[in-house]
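A.B. asks: Kindly generate the complete structure, drawing on both the sequences and the hints.
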Amino acid sequence: MKDRLEALRREALAQLQEVADPGRLNDLRVQYLGKKGQLTEVLRGMGGLSAEERPVIGQVANDVRAAIEGVIAEKQAAFDRADTERRLAAETIDVSLPGKAGARGGIHPLTKVTQEIEDIFLGMGYTVAEGPEVETDYFNFEALNLPKNHPARDMQDSFYITDEILLRTHTSPVQIRTMQAANGKTPLKVICPGKVYRRDDDDATHSFMFHQIEGLVVGPNIRMSDLKGTLLQFVQQMYGAQVQIRLRPSFFPFTEPSAEVDVTCTQCGGHGCRMCKHTGWIEILGCGMVHPKVLEHGGYDPKEVSGFAFGMGVERIALLKYDIDDIRHFYNNDLRFLSQFARM
Amino acid sequence: MNVSYRWLSEYIDLSGIEPQRLAEMLTRGGIEIDAVPSRNLGVSKTVVGYVKHKEKHPDADKLNVCTVDAGLGEDLQIVCGAPNVAAGQKVPVALVGAKLPGDLAIKNAKLRGVESQGMICSARELGINDKLLPKELQEGILVLPADTEIGADILEVLGLNDSVLELDLTPNRSDCLSMLGVAYEASALTGRPLRLPEPEKELYPSADKTADRVSVSIEAEALCPHYAARYIKGVKIGPSPLWMQNRLIAAGIRPISNVVDITNYVMLEYGQPLHAFDAAKVAGGRIGVRLAREGETLETLDGQTRKLEPHMLLITDAEKPIALAGVMGGLNSEVTADTVDIILESARFDGGSVRKTSRQLGLRSEASARFEKEVDPSRVRGALDRAAALMGRYAEGLVTEGVAEAVVSRPEPAIVELTLDRVNRLLGTSLSSLEVKTIWSRLQFAAEETGNGAWRVTVPTRRGDMTRDVDLIEEVARLHGYDEIPTTRIEGPTTTGALTKSQAIRRELRRLLAEAGLYEAVSYSVTSPANAARFPALSGGEAAKPIPLAMPMSEERSVLRTSLLPSLVEAAAYNLSRRSGDVALFEIAGVFHSEEAALTTLPHEKPRLAFLLTGNRRTAAWNRTAEPYDFFDAKGVLESVFARLGLAESVAYEASQPAGFHPGRTAALKLRDAHGGETIGYVGQLHPDLQREYDLGDAFVAELELAPLYARADARIAYRALPRFPAMERDLAVVVDAGVAGGDLVGAIRAAAGELLESVRVFDVYTGERLGAGKKSVALALVYRHAERTLTDEEVTEAHARAVQELAQSFGAELRK
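Those sequence lines, one after another, are chains S and V.
Numbering follows the UniProt record's numbering, with no gaps: position 120 of the first sequence is 120.
Numbering follows the UniProt record's numbering, with no gaps: position 343 of the second sequence is 343.
Everything labelled a hint here was simulated from the structure, so no lab data went into it.
It is possible that part of the hints are untrue.
Claimed, not checked - If we take Cβ atoms under 8 Å as the criterion, some of the chain V residues that face chain S in the derived model are: (1) N172; (2) L426; (3) S430; (4) R478; (5) P493; (6) G497; (7) Q503; (8) L509; (9) R510; (10) L513; (11) S528; (12) I547; (13) S580; (14) G590; (15) P603; (16) W622.
Don't be surprised by glycine CBs; every beta carbon is placed ideally from N, CA and C.
C.D. replies: Printed below as a string of structure tokens:
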């Protein structure tokens with residue numbers, strides 16, 4: 001009987017060695033190990049064995065079964081592995097193809113620049129004040145020390161609606177409105193962003209509508225040196241710690257003394273280039289100490305308080321920042337333009 | 001103002017300060033210099049020559065062969081093509097080896113076989129802007145005065161060894177609209193002394209009395225505080241001296257004749273405009289100053305007849321108007337070649353009046369520009385005397401004794417008091433008394449020390465811009481140097497920076513819309529009347545009129561916009577025409593409405609949000625077909641907006657047919673409140689007619705008011721504990737009339753099913769033949785839950801039945817099997 005078992009093992013292992021597909025493997029498993037399989041059949045003859053032989057033969061039978069089962073399991077695992085590999089190979093995709101992009105959109109570059117400037121001043125303790133775009137002559141001009149027929153009104157030729165109502169030519173009327181609303185309280189620290197309008201023919205550098213950001217600080221002892229310090233802090237946050245400022249005397253009816261402010265050219269670092277016309281400096285804003293008459297219109301006593309104000313054109317800052325060649329791009333709403341600013 | 005460096009050197013020693021350096025000093029001091037062009041554009045080795053003979057070229061009709069003495073000892077033979085060349089002329093001669101502007105090199109040449117040893121030049125060839133030359137000198141070669149020295153360097157003769165400082169003056173510094181003003185400024189900056197003209201010393205006593213020939217009376221006293229006139233007898237009209245012409249040309253003024261040139265020259269020198277009348281044409285020698293009368297006209301020097309208005313200031317003689325004061329002379333009193341005697345005017349006219357008249361008539365001149373900014377009252381007489389003296393010398397005139405003059409008022413120099421402490425406190429500096437005193441003297445301001453570091457400063461009338469202590473403080477600051485002011489931090493209590501609620505909401509909306517795939521647009525606040533009327537429901541109603549600009553620059557920009565959508569529609573069309581067909585744009589901006597036909601108060605500026613979607617939400621790709629935008633994309637954007645603001649449950653969408661929108665695909669947005677609610681905007685498809693007009697495909701848009709959202713937005717987050725008990729889900733499908741709104745079914749179910757209902761949503765809408773015409777099936781998923789316990793089957797069934805019954809009753813809904 002032992003010989004039969006050994007023969008069965010040899011025969012089974014030889015046949016299993018040849019197996020090439022899972023179906024045949026299953027057939028062999030049934031043929032040898034199934035309820036009616038050859039091994040079971042041999043074992044049925046165990047009843048005729050002596051008590052001494054039975055455990056010996058039983059051991060042999062178990063060995064044979066284990067050997068066959070082991071090979072079958074091995075074979076089965078190999079088939080499973082190959083099957084998985086085949087399936088994965090079939091599932092392979094071209095990872096170079098584009099993804100299912102989420103929607104893309106973005107805020108306008110002028111908004112981007114405005115928010116950036118707002119954030120710097122918010123961090124310095126300023127609040128943001130707003131005012132109407134359609135203004136009275138009083139707030140836009142008279143309260144800002146620009147009486148009727150003042151030659152400086154030429155500087156900002158305006159769109160009137162009636163003799164007394166016009167599209168504001170600057171954000172400065174918000175200064176007056178803010179001061180009046182503050183009702184004499186100090187310190188006052190605000191910036192005022194918004195659209196302004198001037199009678200200009202549109203070209204690459206001029207637009208009849210553009211955006212300004214105005215700043216105003218009023219307090220008991222505000223000095224021109226504070227203005228310089230504030231602007232230096234602002235430009236260094238905006239353009240980097242290496243940037244310096246330079247003030248040149250200028251004129252605005254609502255400030256005295258007044259200055260234009262240049263910053264180190266960000267393109268060349270001050271060595272001189274095309275952008276700064278080889279001066280190393282770029283003009284970015286106008287500023288000054290609030291004129292006593294303006295303080296009076298705002299409800300303050302110029303003997304008690306002083307203040308500084310500054311203003312800049314958002315377009316100009318954006319043009320310089322992104323090296324944009326034509327101011328009109330900002331208002332055409334061309335998606336090829338707008339989509340370039342959809343970044344952090 | 002264009003300032004000749006060499007002319008300026010006449011008043012102040014500029015040695016060692018090159019034009020570029022001077023320009024830098026002036027700019028840093030507050031007088032901005034735009035450019036410093038050299039007057040010599042590349043002329044060298046060019047001298048004055050004398051044309052001894054002229055002969056016709058043997059082989060060329062249009063050429064002449066000239067024998068020229070150029071002071072070289074030997075005569076030159078020069079072939080010249082200019083028709084005006086003639087023997088006896090003094091002319092510019094570019095010698096062999098000379099360079100002319102445009103890199104032209106002069107060589108020995110043969111012209112049609114005849115040797116030419118140089119070139120006789122025109123003004124243009126010497127780089128002189130010939131628009132500034134008398135007409136007769138614009139054609140052909142430049143003929144120089146007969147007394148010009150032969151062989152002299154043409155650069156010297158024509159004053160081309162010079163640079164021009166182009167001043168870009170701020171309105172307060174009109175004192176620098178004069179050579180003297182610029183000289184004062186240069187003196188203050190450099191500390192060097194001035195040499196000023198002294199015209200009174202150049203006038204010689206005459207037996208003839210001015211008073212016998214001219215009288216002046218001012219009627220319009222408010223607009224003419226001072227009028228002075230001189231009489232110059234027997235002038236000989238001719239060209240002015242070359243040096244004067246050169247200086248005028250450098251300043252950008254065309255020389256005309258000695259008399260006119262002198263008035264212009266003195267205007268440039270003193271900043272005081274002058275006018276010369278032909279005395280023979282001034283009836284009665286009686287100069288008057290008055291306002292124009294209704295219906296009066298005047299033919300001005302440019303030959304145009306001007307209709308005068310009663311606000312315009314006139315100069316008159318005994319009979320008629322002879323000039324528009326400060327703006328332009330009359331043709332009837334013009335100085336011509338035949339003029340013998342002259343009445344010379346030097347006066348002050350009200351700046352505002354001159355400004356108004358010159359603008360209204362479109363007549364802006366060097367003179368009106370100076371009057372508009374007010375001239376220095378102390379120079380009225382000086383300028384008059386200076387010009388009279390020059391006419392004596394260069395027009396052979398005899399200046400009569402005395403001045404005919406009327407003075408209404410003569411402003412005194414301003415006296416301004418200030419203290420050292422105030423200077424240092426406003427600037428943040430620590431200047432000493434001596435440092436400030438030095439600045440007063442550099443400015444030539446008389447300053448009296450009144451003790452305790454205080455000054456009483458007498459400001460000369462030439463600096464009319466100095467009226468307050470802060471004006472003087474600016475002078476101190478700029479002469480001390482803005483760079484020298486320290487950099488400090490604001491002292492005092494700290495303040496907190498924060499955005500207001502509406503500002504924060506605007507930022508949030510921009511971020512949300514950008515993330516939803518829309519790009520932010522910025523468009524013009526003014527538009528055409530047609531655009532302003534496109535969406536009446538958004539523009540304040542059918543009857544509302546847009547607010548027009550008084551003087552628009554074009555029809556397209558003539559009224560304030562009443563809604564944002566027309567701008568976005570135009571932007572979509574703009575992009576479409578550039579092959580960007582998938583457009584998702586939004587804008588946040590104000591629109592302008594008013595109840596008034598003519599504004600007396602400011603209009604309502606309503607902050608709005610609008611957006612437009614057209615084309616595809618997703619373009620076709622390797623793994624998908626294109627997904628075009630539809631109404632529900634637009635509505636979805638709005639739902640995100642309202643959800644972000646905590647208003648998801650507060651907004652209702654009601655079918656609506658506002659003009660400009662697709663009547664079947666538009667909803668009014670109702671913001672519900674205790675009183676029912678208000679319409680805050682619309683969402684829908686553009687009307688197909690409008691889409692066609694702009695060549696757009698289906699475009700889905702929305703526009704809504706932001707103010708109510710600012711007011712109602714609720715940032716508070718009311719946290720609810722996560723559910724601990726299971727939900728029970730029941731689906732429901734009903735057949736209703738096609739016109740029944742799904743939203744109404746949802747609302748009715750919510751109301752009927754009661755508290756146990758957690759949520760209900762539409763998951764399918766179906767129409768088909770099997771349902772019958774005019775019917776649709778709506779399938780809804782209902783979720784029931786109780787917060788404290790597990791629901792029983794019975795109570796859910798009961799609630800569900802209530803919902804079904806309500807639908808049956810209110811909408812005739814039949815359960816679909």
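A.B. asks: Does V/S430 pass the interface hint, meaning its C-beta sits closer than 8 Å to a C-beta of chain S?
C.D. replies: Violated, about 10 Å.
A.B. asks: Against chain S, with CB atoms and a cut of 8 Å, does the hint on V/P603 hold up?
C.D. replies: OK, holds: V/P603 within 8 Å of chain S, min 6 Å.
A.B. asks: Close enough to count: is the Cβ of V/P493 nearer than 8 Å to one in chain S?
C.D. replies: 6 Å, holds
A.B. asks: Interface hint check: V/R478, Cβ to nearest Cβ on chain S, cutoff 8 Å. Holds or violated?
C.D. replies: Since chain S brings a Cβ to about 4 Å from V/R478, closer than 8 Å, the hint holds.
A.B. asks: Can we keep the V/L509 interface hint, with Cβ of chain S closer than 8 Å?
C.D. replies: 10 Å, violated
A.B. asks: Does V/I547 meet its interface restraint, that is, does its C-beta lie within less than 8 Å of any C-beta in chain S?
C.D. replies: Status holds, d = 6 Å.
A.B. asks: Would the stated hint for V/L426 survive a check requiring a Cβ distance to chain S of less than 8 Å?
C.D. replies: Nearest chain S Cβ about 6 Å off; hint holds.
A.B. asks: Would the stated hint for V/S528 survive a check requiring a Cβ distance to chain S of less than 8 Å?
C.D. replies: Check failed: Cβ of V/S528 comes no nearer than 15 Å to chain S, outside 8 Å.
A.B. asks: Taking the closest Cβ pair, is V/W622 under 8 Å from chain S?
C.D. replies: 6 Å, holds
A.B. asks: Does V/G590 pass the interface hint, meaning its C-beta sits closer than 8 Å to a C-beta of chain S?
C.D. replies: Holds, about 6 Å.
A.B. asks: Let's test the interface hint: is any C-beta of chain S closer than 8 Å to that of V/G497?
C.D. replies: This interface hint holds because 4 Å falls under the 8 Å limit.
A.B. asks: Taking the least C-beta to C-beta distance, is V/N172 closer than 8 Å to chain S?
C.D. replies: Status holds, d = 5 Å.
Checked against the numbered hints above, the structure breaks hints 3, 8, 11 and satisfies the rest.
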